[in-house]
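**Student:** Line by line, the protein sequences give chains A and B. Mapping of the first sequence onto the numbering used here: residues 1 to 136, in sequence order. Mapping of the second sequence onto the numbering used here: residues 1 to 236, in sequence order.
These aren't lab readings, by the way, just hints derived from the structure by calculation. Cβ coordinates follow ideal geometry from the N, Cα and C atoms, glycine included. Be aware that a few hints might be false.
[Unchecked claim] Rough simulated footprint, nothing fancy, chain B against chain A, three-plus residues with beta-carbon under 8 Å:
hint, stretch
1, 39-49
2, 60-71
3, 87-93
4, 102-116
[What the hints assert, rightly or not] Incomplete in silico selection of chain A near chain B, CB under 8 Å:
hint, residue
5, Thr25
6, Leu36
7, Glu74
8, Trp77
9, Glu82
10, Trp99
Take a look at the letters that make up each chain.
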Amino acid sequence: MRALHTLGAVAVLAWLGPFGCAQNTMYRWGGYDEALYDHYKNPQKRDDYVAKLSGIIQAAEEHGGVVPPGCYAEYGWALYEEGRIADAVVYFEKESKRWPESRTLMEKLIRNAARAKAPAAAPAAVPASTVEEAKK
Amino acid sequence: MKRILVLAALAAACAQPPKKDYSKLISSNPRAILVVPVVNKSVDVDAADYFLSTLSVPLAERGYYVFPVNLVKRMLEDEGMADASLVHGSDPTRLCTLFGADAVLYVTIEQWTARYMILSTQVTVEFDYVLKDGRTGEELWKDHQTGVYASQSGGQGLAGAIAAAIVAKAAPNYMPMAREANARALAYPGPGFPAGPYRPEYRKDLPPPAAPESPAAAKPAAPRAPGAPQAPAAPQ
């Protein structure tokens, strides 16, 4: 089964070759860029985009590959936007652990998620304090 | 059947990689790159987002951590920075501090156009790439890429089919050309970046320092052998 998967992946890579992408890649992207493109093209099909992100993570983890940089965080953000705060934090933590470069941002998102989850606090959509300073 | 002419712009861009001064980039030694939303000077309002979707993969494959572009874009939008030119105009050191990035990549679409003529269709993309340091705000690297495809009647083959898809009159598909432009901009040796920390050749592929006109400058210290496998940085 695994061999079949590998064969399939090789065939897909070979097919994509002439298009100038997906050859000898370090990461198992699983169509991340196409998923993002489709999301921007058809924003009403948001569920497809989120499912695709989930699929990329699952496929990479199952095959022992590294989940590409940003994928955990992007998926966590999608969950966050749906109000699935606790689930979102799980993926922010995964991104932070796998990619230490993301720690500053992930910690801000996690702190913000904790505030959003607290019943008293208004559920801010975004870590407002983090970006506010950027405007200056 | 259609015969497709691929204009020489691509070949020219590949044949003459401009000599670049990598000293600032090498001493800055960034690990994590923040790709901010794209400034769009074309009339195609969708181009900026479409092009943004093409940048993460080639950058990360050069061995750098790339911040999730959609998350970054949404965070900026929610804070009133939906206008990419506002983001491009803001202080790179501040952006880097906020996101924890080492450098910011600013990309501008100069052209994203299709011209329909009597016998052919011409599709043009043109991009400007600038990387700035997160600590000093200095420019570390820049590149400029143009891609032009034109179709004429007659011809056949796979290349023809691809180009025919690019110039299909109903909706020209710019994405293959955008990806090609990124690949050329980031190719190394060439105009692109030396390998980042997640590539096995990190710090081993640097150009010889301070020898811009010597013959050695044309041959990087450790060129990738054409057939050599690119070992993954992590188990697959």
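**Student:** Each hint needs a verdict: does it hold in this structure or not?
**Tutor:** Taking the hints in turn, this is what the structure says about them:
1. 39-49: holds (count 3)
2. 60-71: Result for this restraint: holds, n = 8.
3. 87-93: That given contact is violated, which follows from only 0 residues of the stretch 87-93 of chain A lying within Cβ reach (below 8 Å) of chain B.
4. 102-116: The restraint on the stretch 102-116 of chain A holds, since 4 of its residues have a Cβ under 8 Å from chain B and three suffice.
5. Thr25: 6 Å, holds
6. Leu36: 4 Å, holds
7. Glu74: At 4 Å from the nearest chain B Cβ, Glu74/A passes the 8 Å test, so the hint holds.
8. Trp77: 4 Å, holds
9. Glu82: 13 Å, violated
10. Trp99: Holds, about 5 Å.
Taken one by one, the earlier hints fail for this structure at numbers 3 and 9, listed in ascending order.
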